[in-house]
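Chains as they are written, first to last, in numbering that gives the first Met the number 0: chain A, 0 to 265; chain B, 0 to 336.
It should be emphasised that the hints constitute simulated quantities derived from the structure, not laboratory data. Mixed in with the good hints there might be a few duds.
What the hints assert, rightly or not - The list that follows gives simulated cross-link-like pairs (lysine-lysine, DSSO-like), each with its CA atoms no further than 27 angstroms apart:
no., chain 1, residue 1, chain 2, residue 2
1, A, K20, A, K228
2, A, K228, B, K188
3, B, K31, A, K228
4, B, K74, A, K228
5, B, K7, A, K174
6, A, K20, B, K188
7, B, K57, A, K174
8, A, K20, B, K292
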Amino acid sequence: MLNIAVCIKAVPDEECYNIIKFDPVMKTLIREGISMVINPSDLHALELALCLKEKLGGEITLISMGPMTVTTQLRECLSYGADEAYLMSDCIFGGSDTLATSYVLSKGLRHIGNFDLVLAGNESADGATSHVPSQLGEWLGYPHVMEVCALNIVDEKIAAVRKKADNYFVDYTVKLPAVFAVSRGMNKVRYPSIRGILSSKGKEIKVLTAESIPDLDISMIGLQGSPTKTGQLITSSFHRDCMLLDGSNEEIASAILGMIRPVIDD
Amino acid sequence: MEKPDLDKIIVYAEHKKGHLDPSCAELVGKAKELSVKYDDNVVIGAVVLGYEISEVVKDLSQTGVDYIWYTDHPKLTRYNSEYYALALEEAVRFIAPELILIAATSQGSELAPTVGARLKTGVAAHCVDIVADDNGQIVNIVPALGGKFLTEIKIPDVRPMISTVKPSVFVKKDVPANSNVQTVRIESKALDSYESRIWFVAESVKEENEKPIEEANVILCAGMGIVDEENWRKLNELAARLKCAVGYTRPVIDLGVVNNDHNMIGTSGKTIRPQLYVGFGVSGASHHICGMKDSQIILCINSDENADIFRLSDYKVIADCGAILDAMLELTGGLNG
């Protein structure tokens, strides 16, 4: 029986990136009309949890930090077959950077129970710092491995993992409990079953506020607990004057080869 | 310019098989550039960890750094995130720098947030630039929303500040070697007593002739418009004949034609700046653009004349990329080689 926690983040839908506008006066994103989705990498972490549960039995607990609207994404995760979901939501969590976010999540996980595995997506689609899994491991005092693309449980105390490292792979065994950041290449995410969708409707999403966690150090969370301060957003616009290559396919191919050949590597 | 609180910048010097990672020179170049802004009044140091690394330390002394701090310990024989984080944390506490630059390689991407958490300080991830503002404060420029926007990150109150930078984001500069480099060995007490909970088992062998995509002069890049496995095979055949590297976008991985994401180009993959980038069916999503926008010449083939990638291209071809691939194969030894 494995107790598995999966960290979930709601992010703006990538499909909406091209319509996200920037308010030049307020220096913020205009989020209106932007739909939120489950961070794609997190679904691969959830898929791993579901596979492990099918094989070895256990419980899957979801945890997220964010506004109350994230209940939508957590409910969707429940429909895949997770057992429980916790949303850490409190306005004083707002403005947390990765250090503060991982602190809040670590306190939430400690409050909920004991886990053998804590899984997260390797990176979020929006911030993409890939900091939270390692930092969560540090706060929890667990070993942590990033970019995990294969994982097996050897016994209750040990996991065997394959980590993608630049252009090669490294295999490790890791003492549990541990935090693993799951790479998107690890698995193919299933579709939720009709039964899963129906049963998720009735499940309660438990909300944890700052008050729910007695030993939460307020100075470590939100803006004051965040060493990094985010400044202005700059619209990154790149533009080059583009010339059309025209002609028959053969002429075009010849022109492209004419550009490639002088600069190819030795 | 005044330097309110910047005395030391250190670069984490990664090395593999006795060779310094190319990112090291890129980071030292940036540190030097920042130092010039502060009237050259900043010590530029490097930290290097490993076992029996005297050669690496020697190479490092030629990179233009003023100081080298190194920890030489059997537990650092190969990269282990726990031992390396412990040794780096120990070195940083000893050196007390204001700014640490770490390459966002596989290793650096683990070490930076880990050490950041241990020191309870901030880490700016995947900086595309690091500058000093008018008040002498360090400003990190980082991509947001997959590179659709850029944003500034400052770490005003906590030291050290940590910045990570993907390989190839900064151009390597020739920094003259300092003839009077100070080398300091750090004796690690913490490593002696710590036993890691992560054990190395095995490492996949990298093909010797496989050059990192960051170092390729020409990159043929597949986008979703490549459509199927047949075109993917053709693209690889063409690349093999021309000795070019092959990269791809995220949707190509999702198509299932690539079996790993080593050479994915974009915010969560590699950053490249080749002499020539040729995109086949690349649409131009912001997270991909973020990883290839600094290519010297960008040529793209796409059947959609309104593809976003054309706004960033020097040359465009509005055509089916399969047909162009066929024509290019014909001209390089025939369709079937």
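**Message:** Hint compliance check: list the failing hint numbers for this structure, sorted ascending.
**Reply:** 2, 4, 5, 6 and 7
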